[in-house]
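2 protein chains.
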Amino acid sequence: MQYIILAIGDELLAGQVTDTNSGSIARILEPHGWELKRVETIADTAEALEDALDRALGEVNVVLTTGGLGPTKDDQTKQTLCRLFGASLRENLQVLENVKQVISRRNLRLNELTAHQALVPDNARIIQNEVGTAPILWFERPENRVVVCMPGVPFETVQMMERKVAPALIERFPEQDALVRHTVVAYDISESALAQILANWEDSLPSFAHLAYLPKPGIIRLRLDGHGPESIRPEMERLRRELISQIPPGNFLANGDITPEERLLQILTERHLTVSTAESCTGGTICARLCAIPGASDAMKGAVVAYSNEVKAEVLGVDRTDIERYGAVSQTVVEQMAAGVRKLTGSDFAVATSGIAGPGGGTAEKPVGTVWIATASPHGVHSECYHFPGTRDRVIDRAATSAIIALIRELSAPAKR
Amino acid sequence: MQYIILAIGDELLAGQVTDTNSGSIARILEPHGWELKRVETIADTAEALEDALDRALGEVNVVLTTGGLGPTKDDQTKQTLCRLFGASLRENLQVLENVKQVISRRNLRLNELTAHQALVPDNARIIQNEVGTAPILWFERPENRVVVCMPGVPFETVQMMERKVAPALIERFPEQDALVRHTVVAYDISESALAQILANWEDSLPSFAHLAYLPKPGIIRLRLDGHGPESIRPEMERLRRELISQIPPGNFLANGDITPEERLLQILTERHLTVSTAESCTGGTICARLCAIPGASDAMKGAVVAYSNEVKAEVLGVDRTDIERYGAVSQTVVEQMAAGVRKLTGSDFAVATSGIAGPGGGTAEKPVGTVWIATASPHGVHSECYHFPGTRDRVIDRAATSAIIALIRELSAPAKR
Chain A
519 MQYIILAIGD
529 ELLAGQVTDT
539 NSGSIARILE
549 PHGWELKRVE
559 TIADTAEALE
569 DALDRALGEV
579 NVVLTTGGLG
589 PTKDDQTKQT
599 LCRLFGASLR
609 ENLQVLENVK
619 QVISRRNLRL
629 NELTAHQALV
639 PDNARIIQNE
649 VGTAPILWFE
659 RPENRVVVCM
669 PGVPFETVQM
679 MERKVAPALI
689 ERFPEQDALV
699 RHTVVAYDIS
709 ESALAQILAN
719 WEDSLPSFAH
729 LAYLPKPGII
739 RLRLDGHGPE
749 SIRPEMERLR
759 RELISQIPPG
769 NFLANGDITP
779 EERLLQILTE
789 RHLTVSTAES
799 CTGGTICARL
809 CAIPGASDAM
819 KGAVVAYSNE
829 VKAEVLGVDR
839 TDIERYGAVS
849 QTVVEQMAAG
859 VRKLTGSDFA
869 VATSGIAGPG
879 GGTAEKPVGT
889 VWIATASPHG
899 VHSECYHFPG
909 TRDRVIDRAA
919 TSAIIALIRE
929 LSAPAKR
Chain B
519 MQYIILAIGD
529 ELLAGQVTDT
539 NSGSIARILE
549 PHGWELKRVE
559 TIADTAEALE
569 DALDRALGEV
579 NVVLTTGGLG
589 PTKDDQTKQT
599 LCRLFGASLR
609 ENLQVLENVK
619 QVISRRNLRL
629 NELTAHQALV
639 PDNARIIQNE
649 VGTAPILWFE
659 RPENRVVVCM
669 PGVPFETVQM
679 MERKVAPALI
689 ERFPEQDALV
699 RHTVVAYDIS
709 ESALAQILAN
719 WEDSLPSFAH
729 LAYLPKPGII
739 RLRLDGHGPE
749 SIRPEMERLR
759 RELISQIPPG
769 NFLANGDITP
779 EERLLQILTE
789 RHLTVSTAES
799 CTGGTICARL
809 CAIPGASDAM
819 KGAVVAYSNE
829 VKAEVLGVDR
839 TDIERYGAVS
849 QTVVEQMAAG
859 VRKLTGSDFA
869 VATSGIAGPG
879 GGTAEKPVGT
889 VWIATASPHG
899 VHSECYHFPG
909 TRDRVIDRAA
919 TSAIIALIRE
929 LSAPAKR
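Residue numbers (the numbering used here), protein chains in the order written: chain A, 519 to 935; chain B, 519 to 935.
One should not assume that every hint holds.
Pairs count within a copy or across copies, as identical chains cannot be separated in the list.
Stated by the list, open to error - Subject to a maximum C-alpha distance of 16 Å in a straight line, what follows is the list of computed EDC-like cross-link-like pairs (lysine to aspartate or glutamate): (1) Lys861 / Glu832; (2) Lys682 / Glu609; (3) Lys884 / Asp572; (4) Lys555 / Glu648; (5) Lys555 / Glu565; (6) Lys555 / Glu568; (7) Lys861 / Asp816; (8) Lys734 / Asp775; (9) Lys734 / Glu693; (10) Lys618 / Glu648; (11) Lys682 / Glu842; (12) Lys618 / Glu630; (13) Lys884 / Glu548; (14) Lys734 / Asp911.
If you are wondering where the hints come from, they were derived from the structure by calculation, not from laboratory data.
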């Protein structure tokens, strides 16, 4: 089943908010064989919505909209839908009751604007929003067309898609064909080098299968898609194994669409090992990424963000003379940081970063982007100096990813060292 | 000048990558009075691109595309553009030279696939990509239409938009009218409560001005837009001051589109004060957010992520008996964490978090989402218990924002306590 998403909101077009809803919806519907044909991000005006709806309903059976259902004056969607679909707004007491409950859970009081959420088009099927105040509107249109309007708050959209909207859509439009997707992650190799290795194999793929490259700093995700009946599953499984066997072992990171930090946590948890971080230029990003994953507390001991030299010396035990002699961004300091946090927290493994994220602080000898990364483990301390291009956020992002990959490398092949 | 962006890529429609380019481009062009009419996110197929290009060129003079220019087989854009615009691919030696330079800066070797980047449509104006391998293609089309094709890598798109593409577009289509935008940030108030306070003022706005609400967890951004000639600037400036005067002083966070962490750093830097964090459930997120801002090192002393009880006790000096008696998620522990990290790092202010981010670890007494937040300052230690709904990432996000806002509150009105 093909569908189109209309993401409504001036704030999206102004670049003040990034649309993450479309991707979330796609990830929920895709395993059921639903294909997102297009996303249109449009202004919160009657004209833009009418125009986009017309076009979309001419192409596909299902149109999903997100946004434009808030209580304030800049949200026009509900009125426009009433006009287009010949409806009137009518108070719905169940919605009002739901709004009151949501509001009271948030320790807020119901006011006139929030109460407006209970005014809904009288020819729409209403799906109660269990986690927010704007109800979901489901319109049945002529010629087997369906328009479902959801709020724009990402948490609400994702929760309600999963709980109610996706099941209802799948029931309404049962699908024969499936999408079988396998993702494999490679690292320490460039996109084009990997593409050369895989070229012949890719050419030999059956027509229902397709390989795509999704490079991210430090890693390349390989997405192998198969469109067809359920019977392609075994063949897709065989292709997945073939793909993995084509990747040089030292460049294979993970089977599945997981991040380096998820992979690291998997390895640590499987082996009942613990980790800690000592971060200077990454400012806690490595630790925060690991802690964002459920179950992190099993492997994560803690972190010290040592932005100042006093913290490096007093908390992590880095030699003050070395800081003065070699600078905070140096091999000996980063190695002492890694060893120091490992000792302080009693973790099995540790990683440390010290670098110049910019925009200020660079010198001719140590330009912005210079980052020392050290790992400490039962096998000893190892360090490497990196030079990352780009802006501050990019340097921090790359340094954090590289530190996580350095740990994975240390855990995967200590014998290599 | 109205324009349309086509974001090309199966990975966008599959929800594997989020399109941030459109927002970046909008933020760059908007101050020059350029209005983004629509974004279409489309598949990397000839049919989808042809269809979307046709439609867009029928509506606006300028169409910008991002993505689809990579070296691997799943990128179709260049071939499709040649067919649509009657061009042939021809090797461009300057592009080849640029590709070689970029590749060597990245310590990689040129291979056949990367060299393909130097094949460009022979009727396109070429803008060298100074930070990547895919050149930017500028097509002049009949009836004063322009199509500019940029790579999909966000860093490259942003850099090249700022350096070359935006200046060239503005020169090609000089604009009379400007967009004057003011953003004001409020906190500790709900969207609808704020909307009620501002309703009368909003109704009195002149026709060229428009107010929009952009709620985010913990804050509400108010965007005041004025479209018109340069002469509206003084009036917009007056409206901005009026808007700020309408917001209750205790709910006014910042003048300008800045985040709570940026505001916190502003206040700290202005007053030459320093801060540190002791984080349990937020796992370093508060510190990482602060450190992501240029100049953070002036105010940031450091952080201790105390995921384990040993780190809480040994590094931060929390009383072991209190941890056993009251649990790690308790008022006394979080207050000792805040005081402990303040003492350890010698910072003026400190904030600490201890809570249950989930999905596991909740109890009837302390359900998932329970988070204690404490601030420590020369005025003493203060703490508050929060209950955040939702998933792990949402609890961490809200807890980090609330901790930052708690610090701002402490810094803004210590006398209130």
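Do the hints match the structure? See the list:
1. For the homomeric pair Lys861 and Glu832, the shortest alpha-carbon distances inside one copy (13 Å) and between copies (12 Å) are both at most 16 Å.
2. In this assembly of identical chains, the alpha carbons of Lys682 and Glu609 never lie at most 16 Å apart, being 22 Å within a copy and 53 Å across copies at closest.
3. Taking the closest pair of Cα atoms, Lys884 and Asp572 never come within 16 Å of each other, the shortest separation being 58 Å inside a single copy and 50 Å across copies.
4. Neither within a single protomer nor between protomers do Lys555 and Glu648 lie at most 16 Å apart by alpha-carbon distance, with minima of 28 Å and 33 Å respectively.
5. For the homomeric pair Lys555 and Glu565, the shortest alpha-carbon distance between copies (11 Å) is at most 16 Å, but the shortest distance inside one copy (22 Å) is not.
6. Taking the closest pair of Cα atoms, Lys555 and Glu568 come within 16 Å of each other only across two copies (14 Å); inside a single copy the shortest separation is 19 Å, beyond that limit.
7. Taking CA atoms no more than 16 Å apart as the test, Lys861 paired with Asp816 passes in neither setting, with 18 Å inside one copy and 28 Å between copies.
8. Proximity of Lys734 to Asp775 under the C-alpha cut-off of 16 Å is restricted to the intra-copy arrangement: shortest distance 12 Å within a copy versus 28 Å between copies.
9. In this assembly of identical chains, the alpha carbons of Lys734 and Glu693 never lie at most 16 Å apart, being 33 Å within a copy and 37 Å across copies at closest.
10. Taking the closest pair of Cα atoms, Lys618 and Glu648 come within 16 Å of each other only inside a single copy of the chain (11 Å); across copies the shortest separation is 55 Å, beyond that limit.
11. In this assembly of identical chains, the alpha carbons of Lys682 and Glu842 never lie at most 16 Å apart, being 61 Å within a copy and 42 Å across copies at closest.
12. In this assembly of identical chains, Lys618 and Glu630 lie within 16 Å of each other by CA distance solely inside one copy; the values are 12 Å within and 63 Å between copies.
13. When the C-alpha separation of Lys884 and Glu548 is checked against a cutoff of 16 Å, the pair qualifies neither within a copy, at 47 Å, nor between copies, at 37 Å.
14. Taking the closest pair of Cα atoms, Lys734 and Asp911 come within 16 Å of each other only inside a single copy of the chain (14 Å); across copies the shortest separation is 21 Å, beyond that limit.
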